[in-house]
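32 is the number of the first residue of the sequence shown in this note's numbering; add one for each residue after it.
If you're looking for bench data, these hints aren't it; they were derived computationally from the structure. Just so you know, even glycine gets a beta-carbon here, dropped at the ideal spot from N, CA and C. Check each hint, because a few of them may be wrong.
Result set (DSS-like, lysine-lysine): computed pairs, CA atoms no more than 27 angstroms apart in a straight line [as the list claims (entries may be wrong)]:
| hint | residue 1 | residue 2 |
| --- | --- | --- |
| 1 | Lys322 | Lys204 |
| 2 | Lys206 | Lys378 |
| 3 | Lys204 | Lys378 |
| 4 | Lys45 | Lys322 |
| 5 | Lys322 | Lys206 |
What follows is a set of in silico ranges between Cβ atoms, one per label pair, in the way DEER data are often shown [unchecked claim]:
| hint | residue 1 | residue 2 | range |
| --- | --- | --- | --- |
| 6 | Ala80 | Asp295 | 16 to 26 angstroms |
| 7 | Arg347 | Pro155 | 29 to 39 angstroms |
| 8 | Glu265 | Trp71 | 13 to 23 angstroms |
| 9 | Glu117 | Arg347 | 47 to 57 angstroms |
| 10 | Pro155 | Asp69 | 21 to 31 angstroms |
| 11 | Asp127 | Arg35 | 50 to 60 angstroms |
| 12 | Asp216 | Glu129 | 22 to 32 angstroms |
| 13 | Asp416 | Gln275 | 22 to 32 angstroms |
| 14 | Arg347 | Asp405 | 20 to 30 angstroms |
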Amino acid sequence: MPFRPAIGFVAAGKRARTLMDHLYTIRDQEYFLCNRDDGWPHGFYDEFATETPDWVDDVSDLQPSITAIMNPGDESRETAAERCREHGDDPALYADLEPFLDEGAFDAVVVASPNDRHVESAVPLLERDIDTFCEKPLATTLPAHDELIGAAEATDALFYVGFQRRVAPYYRKIKELLTAGTVGDLGMVSHVEVRDPFQSSSGGFRFSEARSGGALLEKNSHDFDLFNWYTEAEPVRVSAFGGQHVFTRDTDIVDQATVNVQYDDGTVGSLELCLYNGVGHADVYDVHTRKTSEYRGTDGVVIAPDSPEDLLVQRRGETEEITVGAAGSHGGDIYQMRRFLRCLQGKAAPPATAVDAKKAAAVSLAAERSIDRDGAVVEIDGNYDIV
């Protein structure tokens with residue numbers, strides 16, 4: 032039976048339109064990530080195989096529509112609406128949140144506004160028991176995270192945090208390997224990212240620490256969420272160095288940083304970020320990025336090279352190459368929107384909670400504070416507050 036949720040959007044910028052596109056891609060496919068009209072080879076497995084592979088997923092029942100868009104700027108709002116019309120939807124348009132909340136017809140809402148605007152939209156939605164997807168980071172401060180955590184705990188509605196890497200096959204495969212003990216006792220995690228600077232969309236909010244929460248929250252809360260998820264431990268201390276190496280005018284965010292995280296079980300994590308060197312592959316936003324990571328344990332190392340689908344497992348005297356597959360790219364947005372729809376349908380659970388979001392934000396903001404204090408160690412308590 033078709034599942035036809037009506038989806039509203041708070042925001043209509045590039046990020047929101049990307050998520051809209053993924054919803055329509057899912058709606059227009061019979062099988063997930065199968066672009067052929069005849070459904071081959073997915074449908075062949077589905078019809079004739081005794082056991083259907085995990086990558087064969089019939090999504091023909093997922094038939095979302097976009098019925099309402101709220102965005103203050105006329106141009107972005109109309110651009111998003113035109114995209115919806117191209118797919119047969121005719122969403123109601125709003126310039127302000129209150130009429131959107133009072134008049135909008137929707138079953139669930141995607142909040143994809145700038146970081147400092149998430150709470151003002153997501154909390155009223157949850158108070159009305161409306162199923163809500165909220166982009167990361169949930170907020171720019173830890174007290175604001177607490178406000179959203181309280182709203183999420185007080186409602187019967189679904190609250191979905193936009194940590195898409197938790198559902199991307201590439202990162203899930205790393206989690207699978209670590210959980211299986213492939214590297215033995217995990218002791219160190221390391222992420223390195225060298226990329227183009229932020230784009231100036233949505234009013235350039237990413238270049239303002241007040242609006243974005245800082246570069247390490249805006250960009251690397253994803254990484255710190257993976258650190259927390261992979262280690263299954265509690266972050267307790269953070270130290271960091273960084274600053275503005277290239278972009279020093281009309282912005283107060285760092286463009287380079289190195290961060291160290293200590294966990295309560297002794298595991299340590301490190302992150303390096305460079306925001307001024309456009310090497311590597313271009314992503315969906317035409318941002319050139321080179322990402323590498325390593326996960327080191329007592330028996331071996333899992334290495335994620337600068338590749339959207341390959342992993343290496345190295346043990347003493349041997350190297351194993353693992354291909355996750357072309358559908359296992361580093362991103363995960365389309366996987367995330369499929370998971371969100373399945374959650375609305377009652378057939379899945381969100382991969383992360385609002386508390387998980389605060390936990391990642393605590394590491395990010397502790398790193399920002401450490402940089403401000405010339406690398407001084409910053410502690411995180413059991414409530415994921417900075418002390």
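Hints and how they fare:
1. With a C-alpha separation of about 16 angstroms, the suggested pairing of Lys322 with Lys204 holds against the 27 angstroms cut-off.
2. Only pairs whose Cα atoms come within 27 angstroms are accepted, and Lys206 paired with Lys378 is accepted, the gap being roughly 22 angstroms.
3. Taken as a hint, the Lys204 and Lys378 pair is honoured in the structure, with Cα atoms around 22 angstroms apart against an allowance of 27 angstroms.
4. As the CA atoms of Lys45 and Lys322 are separated by approximately 22 angstroms, the hinted pair is consistent with the 27 angstroms bound.
5. Only pairs whose Cα atoms come within 27 angstroms are accepted, and Lys322 paired with Lys206 is accepted, the gap being roughly 17 angstroms.
6. Between Ala80 and Asp295 the CB atoms are about 46 angstroms apart, so this pair departs from the stated range of 16 to 26 angstroms.
7. At roughly 56 angstroms, the beta-carbon separation of Arg347 and Pro155 lies outside the given 29 to 39 angstroms, and the hint is violated.
8. A hinted range of 13 to 23 angstroms for the beta carbons of Glu265 and Trp71 is inconsistent with their spacing of about 48 angstroms.
9. Between Glu117 and Arg347 the Cβ separation comes to about 56 angstroms, which falls inside the hinted range of 47 to 57 angstroms.
10. A C-beta distance of roughly 45 angstroms is found between Pro155 and Asp69, which places it outside the suggested range of 21 to 31 angstroms.
11. Taken as a hint, the range 50 to 60 angstroms is violated for the pair Asp127 and Arg35, whose Cβ atoms sit roughly 27 angstroms apart.
12. Hint check: Asp216 to Glu129, Cβ distance near 53 angstroms, so the stated range 22 to 32 angstroms is violated.
13. Between Asp416 and Gln275 the beta carbon distance is about 27 angstroms. The supplied range of 22 to 32 angstroms therefore holds.
14. Under the hint 20 to 30 angstroms, the C-beta atoms of Arg347 and Asp405, about 40 angstroms apart, miss the expected range.
In the structure shown, a violation is registered for the earlier hints numbered 6, 7, 8, 10, 11, 12, 14, in ascending order.
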